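S.K.: Chains A and B are the protein sequences, given in the same order. Heads up: the first sequence is residues 1 to 218, going by the working numbering. Heads up: the second sequence is residues 1 to 218, going by the working numbering.
Note that these hints are calculated values from the structure, not bench results. Being a predicted model, the structure only gives us computed values, none of them experimental. Note that the Cβ used here is the ideal one computed from N, Cα and C, for glycine as well.
Below are the EDC-like pairs computed for lysine to aspartate or glutamate, each with C-alpha atoms no more than 20 Å apart in a straight line:
hint, chain 1, residue 1, chain 2, residue 2
1, B, K133, B, E14
2, B, K28, B, E111
3, A, K172, B, D166
4, B, K172, A, D166
5, A, K77, B, D145
Residues from chain B that face chain A, not an exhaustive set, calculated with beta carbons under 10 Å:
hint, residue
6, S68
7, E90
8, V118
9, G119
10, L121
11, D145
12, A197
Over the 10 Å line for every Cβ pair with chain A, so calculated as not near, a few chain B residues:
hint, residue
13, N27
14, L47
15, N96
16, T100
17, A101
18, E111
19, D176
20, K187
21, G201
22, K204
Each chain is listed here by its residues.
There are 2 protein chains.
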Amino acid sequence: MKIKVVKDILSANEQIAQRNRQLFDGNKVFAVNLMSSPGAGKTSLILQTIKRLKGKTRVGVVEGDISSSLDAEAISKEGVPVVQINTGGECHLDANMTSTALPSLPLADIELLLIENVGNLVCPAEFALGEHKKVLISSTPEGDDKPFKYPLMFHLVDAVLINKIDLLPYLKFDTDAFSQAIKGINKGAEIFPISCATGQGIEKWVSWLLTQMNQRQS
Amino acid sequence: MKIKVVKDILSANEQIAQRNRQLFDGNKVFAVNLMSSPGAGKTSLILQTIKRLKGKTRVGVVEGDISSSLDAEAISKEGVPVVQINTGGECHLDANMTSTALPSLPLADIELLLIENVGNLVCPAEFALGEHKKVLISSTPEGDDKPFKYPLMFHLVDAVLINKIDLLPYLKFDTDAFSQAIKGINKGAEIFPISCATGQGIEKWVSWLLTQMNQRQS
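Please model the entire structure based on the sequences and the hints provided.
M.R.: What follows is the structure, given as structure tokens:
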């Protein structure tokens, strides 16, 4: 009985996600669902990505949080359109919340839509939003055992960003072992070691992102 | 309709949590529910706590993870009784999972039971397990804005451990601002800055824990 309810929710979510995707495609918007643990660096990555793309690609942002609008405020300072979703306790975004937020964005003027999910390595993996790509930010202080503990998340994503590599000298974190663990769960995942604090590796990530976007739109 | 289902689940959980509590009290077990983001240091804290209490207090551990038994293996090396719960996708422990695990532990021989919840700042806050105290481990690399983003978790707990203070020189983290934000949400919360890597602050935490335990049992 319980499983049936969950299935119904997931399939209703899937239908709305498909409608979101049609809306994105109709407006030539490339949408990316950014997921991570709390504090792994989603907002910092969005800020870095906006800076690199300034004058090149029109970016829009959806900010998902349980409460507060701290992240949306930080992003609006960069002069890009942003809408905040407060989930009111829910531990993830879903397609319907996303759909409700989209009319607040000038989709016709946006080429790349970065959707920041709620900080959580579990629930967001189960809910499609209509995005073209799913990206996970994993940060070095979280430890290199995370792929074994949150396998669904690592399995589902198109790319894993290893953030906070500037802290590597002060941590026990084996980047090779971590990358191998990811590849064991998800052979096709792209892996980008980055530091949002120093900017290291951001260029490669942005270049990959633009390639994905251009492949989609051509 | 959806809200009703959630309420029913929560109230069924509450009933089982009360039965767990009776079992703990009947066996003079002091139970602590340890919660945090992924990789904030729950297992490291348990290992540090076991080491400090060796020969003084008989400790037992319940390990909650979505999958894998890495943490339980690390803890069993310390020679304390440990049982692993794999939630099979669920993003939190609940009272029933805990209840199912308890017969695997020699409760009559345990004075302090440390229950490591799934790494998640959202869902675990909603499910009582029958514990006497709820403790949150927040780590400095996650950033000092977390109380605003996960208010329910910070509101509910009896103590907040600020872990990884050894990394403070390399981070933008304002310990005073963080502590004030916690106090704004939860006046009575005890706050302990610690480092599981260096051992700093662990003594104070263990001393508080023993005081709580002794007050309960006297």
